[in-house]
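> This is what each chain is made of:
2 protein chains.
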Amino acid sequence: MKTKDRVIEEKICPLEFAVNAISGKWKIPIVWQINEGKKRPSEFLRGIGNVDRRVLNQQLKELEAAGIISRESFNEVPPRVEYRLTALGEELVKVLWQLNDWGDLLLQQSAKI
Amino acid sequence: MKTKDRVIEEKICPLEFAVNAISGKWKIPIVWQINEGKKRPSEFLRGIGNVDRRVLNQQLKELEAAGIISRESFNEVPPRVEYRLTALGEELVKVLWQLNDWGDLLLQQSAKI
Numbered sequence: 001m002k003t004k005d006r007v008i009e010e011k012i013c014p015l016e017f018a019v020n021a022i023s024g025k026w027k028i029p030i031v032w033q034i035n036e037g038k039k040r041p042s043e044f045l046r047g048i049g050n051v052d053r054r055v056l057n058q059q060l061k062e063l064e065a066a067g068i069i070s071r072e073s074f075n076e077v078p079p080r081v082e083y084r085l086t087a088l089g090e091e092l093v094k095v096l097w098q099l100n101d102w103g104d105l106l107l108q109q110s111a112k113i
Numbered sequence: 001m002k003t004k005d006r007v008i009e010e011k012i013c014p015l016e017f018a019v020n021a022i023s024g025k026w027k028i029p030i031v032w033q034i035n036e037g038k039k040r041p042s043e044f045l046r047g048i049g050n051v052d053r054r055v056l057n058q059q060l061k062e063l064e065a066a067g068i069i070s071r072e073s074f075n076e077v078p079p080r081v082e083y084r085l086t087a088l089g090e091e092l093v094k095v096l097w098q099l100n101d102w103g104d105l106l107l108q109q110s111a112k113i
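Just so you know, the protein sequences line up as chains R and E, in that order.
The numbering of the first sequence is full-length UniProt numbering, which starts it at 1 and goes up by one.
The numbering of the second sequence is full-length UniProt numbering, which starts it at 1 and goes up by one.
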């Protein structure tokens, strides 16, 4: 591979990795909800709506595996589980705000077309 | 809908709109290539690799319809078509750099796991 191609590829790669990590169904809404102070799966279900519990659990697992959120399980009856953003998750939220601002521009432009 | 839910929904909405606009296959690589100074579909094909010409054309159409890139057709033989980023596209590139930086953090963390 030529050096120039490699430079381009290196620029694309972390970005695509990032997009893949956040484009799973409900991942961004989950991260937002946690950022809003919600912690428990039952709260996410109420906040998101229309999401299947099994699908939610799978997304939570993937976000946890990626190191974006962390899971804490409390030894209580009934068992209690709480999620929070990791440092990496907090950094993601900052970028999502910028993407949100850009989405606003995009929406304004779409409204004009 | 309660006011609080509406506030959350409004925050999610432009963001999801933004993510949907850029998560189509090859859209981000196309935007990068144009940002790197490439203009013609044949250049994108060389730069991306493994992308079908019809798929590329579809993605270009969607990016153009969203107002992220613009298309200029030159009345020459053979016909020549060039793409460039719109102002909205340039704004997107700024956000993508930040997402790229976050992707770097994510990659570093994945390497550790």
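No lab work stands behind these hints: they were computed from the structure.
Be careful, since some hints might not be right.
Which copy? The list can't say, so a pair holds if one copy fits it or any two copies do.
What the hints assert, rightly or not - With a straight-line cut-off of 27 Å between C-alpha atoms, the simulated DSS-like cross-links for lysine-lysine are:
{"hint": "1", "residue 1": "LYS112", "residue 2": "LYS27"}
{"hint": "2", "residue 1": "LYS38", "residue 2": "LYS25"}
{"hint": "3", "residue 1": "LYS25", "residue 2": "LYS39"}
{"hint": "4", "residue 1": "LYS112", "residue 2": "LYS61"}
{"hint": "5", "residue 1": "LYS94", "residue 2": "LYS39"}
{"hint": "6", "residue 1": "LYS61", "residue 2": "LYS94"}
{"hint": "7", "residue 1": "LYS25", "residue 2": "LYS94"}
{"hint": "8", "residue 1": "LYS38", "residue 2": "LYS94"}
{"hint": "9", "residue 1": "LYS61", "residue 2": "LYS25"}
{"hint": "10", "residue 1": "LYS27", "residue 2": "LYS94"}
The structure presented is a predicted model; accordingly, all values stated were derived computationally and were not measured.
> State whether the alpha carbon distance between LYS38 and LYS25 is at most 27 Å within one copy, between copies, both, or neither.
within (18 Å within a copy, 32 Å between copies)
> With 27 Å as the alpha-carbon cut-off, assign the pair LYS112 and LYS27 to within, between, both or neither.
Only across copies: LYS112 and LYS27 sit 22 Å apart there, 29 Å inside one copy, limit 27 Å.
> Give the relationship of LYS94 and LYS39 under a CA distance limit of 27 Å: within one copy only, between copies only, both, or neither.
within (19 Å within a copy, 32 Å between copies)
> Can you give me the call for LYS27 and LYS94, within, between, both or neither, at a CA distance of at most 27 Å?
both (15 Å within a copy, 23 Å between copies)
> How would you label the pair LYS38, LYS94 (within, between, both, or neither) given a Cα cut-off of 27 Å?
Close inside one copy (18 Å), not across copies (30 Å); limit 27 Å.
> Within, between, both or neither: how does the pair LYS112, LYS61 come out at a Cα-Cα threshold of 27 Å?
between (40 Å within a copy, 18 Å between copies)
> Have a look at LYS25 and LYS39 and pick one of within, between, both or neither, based on CA distance no larger than 27 Å.
Answer is within: at 19 Å inside a copy they meet the 27 Å cutoff, but 33 Å across does not.
> Checking an output row: LYS61 and LYS94, CA cutoff 27 Å. Within, between, both or neither?
Classified as within; 22 Å inside a copy, 30 Å across copies.
> Checking an output row: LYS25 and LYS94, CA cutoff 27 Å. Within, between, both or neither?
both (20 Å within a copy, 25 Å between copies)
> With identical chains, the pair LYS61 and LYS25 could be close in the same copy or across copies; at 27 Å between alpha carbons, which is it: within, between, both, or neither?
Both. Shortest intra-copy (13 Å) and inter-copy (24 Å) distances satisfy the 27 Å Cα cut-off.
Violated hints for the displayed structure: none, as all numbered hints are satisfied.
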